[in-house]
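Chemist: Sequence:
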Amino acid sequence: MTPLLFRFLIGIAISIIIYSVVKYIRDPRRSFESAYNQGRFFIYDDEENVRQNLLITYRGVLFEGKKYVGVAEEKFDVIKILIGTEETDRLRGLKKDDFYFLEKELILRYPKAKVEWRSPILEFMRQIEKQ
1 MTPLLFRFLI GIAISIIIYS VVKYIRDPRR SFESAYNQGR FFIYDDEENV RQNLLITYRG
61 VLFEGKKYVG VAEEKFDVIK ILIGTEETDR LRGLKKDDFY FLEKELILRY PKAKVEWRSP
121 ILEFMRQIEK Q
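full-length UniProt numbering puts the first residue of the sequence shown at 1, with every later residue one more than the last.
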C-alpha cells in the first residue's frame, strides 16, 4: 500500500513540475522580455482589457501605448492609441518606415484606432510629412 501511495505522489509532483515549466515557457511576459533583449518585434497586449496599456518592443526600443475607448460604428471600441517611449536615446537609427511598420501592426489589431505619437517621435513624423 505504501509504495503505491508513494508512486502516486511522485506522479503528481512530476505533473506539477511539467505544468509549471510549460506555463513558464508560454508566458507572454517572458516572450516579450526575450524579444526586447534580442531587439525583435513583439506586442504585449491584452486586447480584451482596454485599461491595460500595451507594450511594444522593436529594434531594442520599448514603446508604451495608451488605449482610448470611444464610439465607432455604433459600438464602443478603441479609437485612439497614444504611443511614446522613455528611451529616447535608443531611437537613434530608426527610420520613418520603422514607425509606419509599428502603426500598421497596431491598425491590424485595432482597425478603428488612430495612432498618435508622443514627443520626440511626433516632431520627427511632422518633419517627414513636410518634406
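If you are wondering where the hints come from, they were derived from the structure by calculation, not from laboratory data.
C-beta: ideal position from N, C-alpha, C; glycine also.
Be careful, since some hints might not be right.
Claimed, not checked - Simulated DEER-style distance windows between Cβ atoms:
{"hint": "1", "residue 1": "104", "residue 2": "20", "range": "20 to 26 Å"}
{"hint": "2", "residue 1": "13", "residue 2": "41", "range": "37 to 43 Å"}
{"hint": "3", "residue 1": "122", "residue 2": "93", "range": "14 to 20 Å"}
Stated by the list, open to error - The calculated lysine-lysine pairs, modelled on PhoX-like cross-linking and capped at a C-alpha distance of 25 Å, are:
{"hint": "4", "residue 1": "95", "residue 2": "66"}
{"hint": "5", "residue 1": "66", "residue 2": "80"}
{"hint": "6", "residue 1": "23", "residue 2": "95"}
{"hint": "7", "residue 1": "80", "residue 2": "96"}
{"hint": "8", "residue 1": "75", "residue 2": "130"}
{"hint": "9", "residue 1": "96", "residue 2": "75"}
{"hint": "10", "residue 1": "66", "residue 2": "96"}
{"hint": "11", "residue 1": "112", "residue 2": "96"}
{"hint": "12", "residue 1": "104", "residue 2": "80"}
{"hint": "13", "residue 1": "80", "residue 2": "130"}
{"hint": "14", "residue 1": "96", "residue 2": "114"}
{"hint": "15", "residue 1": "104", "residue 2": "66"}
{"hint": "16", "residue 1": "114", "residue 2": "80"}
{"hint": "17", "residue 1": "130", "residue 2": "114"}
{"hint": "18", "residue 1": "104", "residue 2": "75"}
{"hint": "19", "residue 1": "75", "residue 2": "95"}
{"hint": "20", "residue 1": "130", "residue 2": "96"}
{"hint": "21", "residue 1": "75", "residue 2": "112"}
{"hint": "22", "residue 1": "112", "residue 2": "80"}
{"hint": "23", "residue 1": "95", "residue 2": "80"}
{"hint": "24", "residue 1": "75", "residue 2": "23"}
{"hint": "25", "residue 1": "114", "residue 2": "104"}
{"hint": "26", "residue 1": "23", "residue 2": "80"}
Chemist: Out of the numbered hints, which ones does the structure contradict?
Modeler: Failing hints, ascending: 1, 6, 8, 9, 19, 24, 26.
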